[in-house]
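*Asks:* Okay, here's what each chain looks like letter by letter:
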Amino acid sequence: MNLYEYEAKSIFSQFGINIPPGMRVTKPEELRKVFFGYPLTLKCQVLSGGRGKAGGIKFARDLKEGEALAKQLLEMTIGGSRTESLLVEPKVAIARELYLSVTLDREQGCPIFIGSAEGGIEIESSANVVTVPIPYPYQPYVARDLAKRMGLSGNLLSKVADLATRLYNCFEKMDLDLAEVNPLVVTEGEEVVALDGKIIANDDSLGRQPYFKGWQSKHLVDLSDRECRSRLMGLNLVELDGNIGILCNGAGLTMATMDMVKKFGGRPATFLDVGGGSDQEKTLFALEIVAENPNVDVILLNILGGITACDDVAGALVNFMKKSPESRLVVRLRGNNQEIAEKMLAESGLKLIPDLEPAVKEAIEKSRTLAGARN
Amino acid sequence: MNLYEYEAKSIFSQFGINIPPGMRVTKPEELRKVFFGYPLTLKCQVLSGGRGKAGGIKFARDLKEGEALAKQLLEMTIGGSRTESLLVEPKVAIARELYLSVTLDREQGCPIFIGSAEGGIEIESSANVVTVPIPYPYQPYVARDLAKRMGLSGNLLSKVADLATRLYNCFEKMDLDLAEVNPLVVTEGEEVVALDGKIIANDDSLGRQPYFKGWQSKHLVDLSDRECRSRLMGLNLVELDGNIGILCNGAGLTMATMDMVKKFGGRPATFLDVGGGSDQEKTLFALEIVAENPNVDVILLNILGGITACDDVAGALVNFMKKSPESRLVVRLRGNNQEIAEKMLAESGLKLIPDLEPAVKEAIEKSRTLAGARN
Amino acid sequence: MILVNKDTKVIVQGATGKMGAAHTKRMLAYGTKIVGGVTPGKGGTTIHGVPVFDTVREAVDATGATASVIFVPPYLALDAGCEAAAAGIGLIVLITEGIPPQDTAKLVANTRARDVRLIGPNCPGIITPGETLLGILPGVIFKPGPVGMISRSGTLTYEIALVLSDAGHGQSTCVGVGGDPVKGMGYPELLSAFNDDPATEVIVLIGEIGGSAEEEAATFISERIKKPVVAYIAGQTAPPGKRMGHAGAIISGGKGTAESKMKALKAAGAHVATTPGEVVEMVTTARGQLLRT
Amino acid sequence: MILVNKDTKVIVQGATGKMGAAHTKRMLAYGTKIVGGVTPGKGGTTIHGVPVFDTVREAVDATGATASVIFVPPYLALDAGCEAAAAGIGLIVLITEGIPPQDTAKLVANTRARDVRLIGPNCPGIITPGETLLGILPGVIFKPGPVGMISRSGTLTYEIALVLSDAGHGQSTCVGVGGDPVKGMGYPELLSAFNDDPATEVIVLIGEIGGSAEEEAATFISERIKKPVVAYIAGQTAPPGKRMGHAGAIISGGKGTAESKMKALKAAGAHVATTPGEVVEMVTTARGQLLRT
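Residue numbers (the numbering used here), protein chains in the order written: chain Z, 1 to 375; chain C, 376 to 750; chain U, 751 to 1043; chain A, 1044 to 1336.
A portion of the hints provided could be inaccurate.
To be clear about the criterion: a stretch of chain Z counts as covered by chain U if any three or more of its residues have a C-beta under 8 Å from a C-beta of chain U, and this derived list gives those stretches [to be verified]:
| no. | region |
| --- | --- |
| 1 | 18 to 30 |
| 2 | 205 to 213 |
| 3 | 254 to 260 |
Read the hints as simulated data drawn from the structure, not as lab findings.
Cβ atoms here follow ideal geometry from the backbone N, Cα and C, with glycine treated the same way.
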């Protein structure tokens, strides 16, 4: 779950990380209540990246200019994401910019600090980046090692190391995937301040983080309505631009099926992993949400029963076909309780295809026919 | 720092450990405000042990009996410790009593759980005791291992294990030396409740435990006034029943000096470790607090300079002798800056003895003369 | 075969839960030596004829088990894994999906320090066909034979095992390492184990988009692996920036593409298939060449 | 000599603090090879001619130090100790007094897992007379010779070393293990090291009331130690239930008395003195016997 900058900063502040004074604004006239002086920085609150380049950050010298800019910024859409509000802060006198983040490193299997003596950058493409693996249990010397490797010294080393320790505490206590400060600025008064902040909360941990309770739905704004509803049902839906809706159990099998559809000349419309052990209700929901997409001509359901019992899937299919014609369906079903499933579906006239490659080819064939019929 | 039962239970409760409803009472008439029904348990709040045997726990069937008992209990002194208040609780219907504690095991160098399927006992003398070392970082399976070894099973195993995990969390987060529940009772309704609780907070950790800020002075009630004032100055004073006041730097040397005084026929009046690196002010305070004890005829100061600089000690002696005659003093002083110290003290006429055994013998000799003169 | 065989004594943590019980039954039916279940508070009962213990330590003491399959809920998995490691279990197969990745990282640190092998989490487990099954793989699909399989995916492994079995290529052992970004054993250790396993002729490596484990495996293959490797990467047509089902399956910052992985594996001398059907063809070719050499 | 000699390269953590600086100066004067100090934020400066680094890792990389003497404040000691261990320091001498004992327990777990030797906390350190000094012992008191000393006390060690030196019994190495209840190296490891040390003829063990370390040492002595051991226990007249200066020096529940320790040591064949003077006599006797045998 991606958080807005103002949310991330509020969390940082609770862990003792310096942030600039700030105010969230949803209407231009709220600027009158700003309790700190001009010039102001006005920043679009969006979940997408690249805000600065897109013109989502402006500076105002006085209230009049501020209100005009606020009006304009509040209407912006950046990278497909609508501006939720503005974060207004006094303009900071910057002596130096740094980069600092904590994330999990999948290859090393542990959290890492990422730091750079260069701030405000795209960290993936920067040369001056240092990383330090973080052992568990944490001790603050790891942050000092980081600050040292970032080339810092003196008081600045100690201040940045202290902030890095707080950032790690925040990362661990709040179960984050990413806690990033970019840029971390050193002010002309030698204060170390998180000028911009990004937090990605771990989705699997939301259930044990009371702070984030109820936050999920309002943070799925970069997903389509159907992707969003699927996520809230615990399903992983990705919408693509083709006409074959693909549903499978298991992420790898769904990807492989999608790849095969494409390879053999078809065009996938959805990637939908119904997950392992999914029940009848969930499978029905999955079928319906795929069918709902107006681009979908054919639904290719590919279930290889491991945890999933085929009869549960068949039950969902029987229900689905009460409302939707079986003619759009291509079903590959194999695994546990396969015989029961076949019996259940025999009555409906739905033919099961036991092997994947023929099923994929059948779905492509059917999609061409149906797409042709539609045009 | 020993805590009162009501303080310990309040902390337990903050960590999610079940405690009986309770009310602290400092006057008999406060019993009228009790918000739960009779019969009541009235318990003396004292820092010493053996409260039950000493008659410090009574049961009242009604308010009248309660007030009479409260009056009586509030006046009790148990093991030299005055009753601070009463803790009043409803009488619990007990199905079973257990024992549970967390403490540091010095030999294994780690915290341990101590448990027993027998409660309300002197744990040192009980046969049914099991201990489980606690690895760091903590995981709750350790508490289940404990509950299993205590011979528990079923729901009770899970409930006691859960409580043990909370007790450990309390022990770790609050920097305790001991977190003890004795007895831990299973009620007739199968609830697991901490019926009595004992906490010893670690003295060296008080500085980082804001919860305990300002608590120390009111919890030194089992010490004499002089022991208490010394503790607040960071000095370790133990008062004994002899007439030779012993001050040394270092615990081992102080004990060894005390042992030698006794062995050669003297009677130690104080054990005072002025600690390593102690400054002039602290040393002067130490000399004065020893001199203040009316039983002290002779002061034996034994300083072997490691961290301690002899000239600092000499400075304290010079100041001390402005108010107190040097005739009561026997000083053994050796180590860093010894020559400067000798020079400083030469003017006062105080003779320094370089070796310990002669100094001890001199002190004993002098104590006999002075004790004789006094009688 | 690697890691497990018919004599491996196995306990199931979370054996009395819905999923744990169902798969305990299936594993027993497959022939797995399940010697105990562990559910705190249920000690003394039985599940499908297997004794249930309150703690892993008790189960290990009573049965001599050396492996554990874990089905506990996600927030209890770190505790369960540490319990197994502390009780002397040498191989942990962690099936649970949805574990907070920081918990997994802590468990990985714990098992590494104790030299305990961890498979998973979010994985289907291990099968040595005809001998034993630790996890949730559908036993009927797998046949004994000379193909060693390592995979980040569950059902895709079944799919490929199915077409391999149908084509007469049975498997020595199949290991599903799981789809999470942070996990226990990875490709190098398992490639190395298959390389040393006399029962394995050909190694099939099933990867997917996200991370750089396949690129690292490629380096390892070129340096250390003597046996033929057939690789397949899922997500060749996945759009960037989207999480494709598995927590670990995401192309981010231009990294973790199927293209990059396939290129690295090809450069390392592996045979790289684009469909499950091609995997079968390449295994057939590789085994044919082995017979000739 | 054990643990350290004149070639041991030493860093001082907290070298720029008041106490750290004073003892860095004394150690240098004694001849200790202090190759660096560590104080975060003071890197690039010097203290008594020794370069100061920001981190232990940097200091170790630059100097090849293998030992560290720590003088940081109590609540920073766990961090400093872990830093030293992680940077490859093999011997940590932790002088700091007043460390929360749970922090010490965590540091002990960390150093044990890494096979790092930890002396202390709340200890005077180690001296190999005439060679090197790591800590705060007053060098002038100690003389080279064949007596190995292990002690839970600081100044009492100086006292006994003083009377031994005066009587012509110099010391191979003296180790103050510290007065805290939880600590790093204890009697058995050090007894064993002295037993194996060709430069040590007689071992002097200085214990005190509290705990059962001396009783365990007695068992170890009777089973493993071939050299004569002279033991002295402080607190023979200490009242029960009172903490005698050291956090660890307390007789509680009837346990930890000097009587019990002296009895156990006598039974193990050690010579047990009741005053420092008797220690000298017993060492003289033991060395005399060694000469005759």
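*Asks:* Against this structure, judge whether each hint is valid.
*Replies:* Now for the hints, and whether the structure bears them out:
1. Chain U is given as covering the region 18 to 30 of chain Z, and this is violated because 0 residues of the stretch bring a CB closer than 8 Å to a CB of that chain, at least three being needed.
2. Restraint check on the region 205 to 213 of chain Z versus chain U: 3 residues with Cβ-Cβ distances below 8 Å, three needed, restraint holds.
3. Counting residues of the region 254 to 260 of chain Z whose C-beta lies closer than 8 Å to any C-beta of chain U gives 6; at least three are required, and the coverage claim holds.
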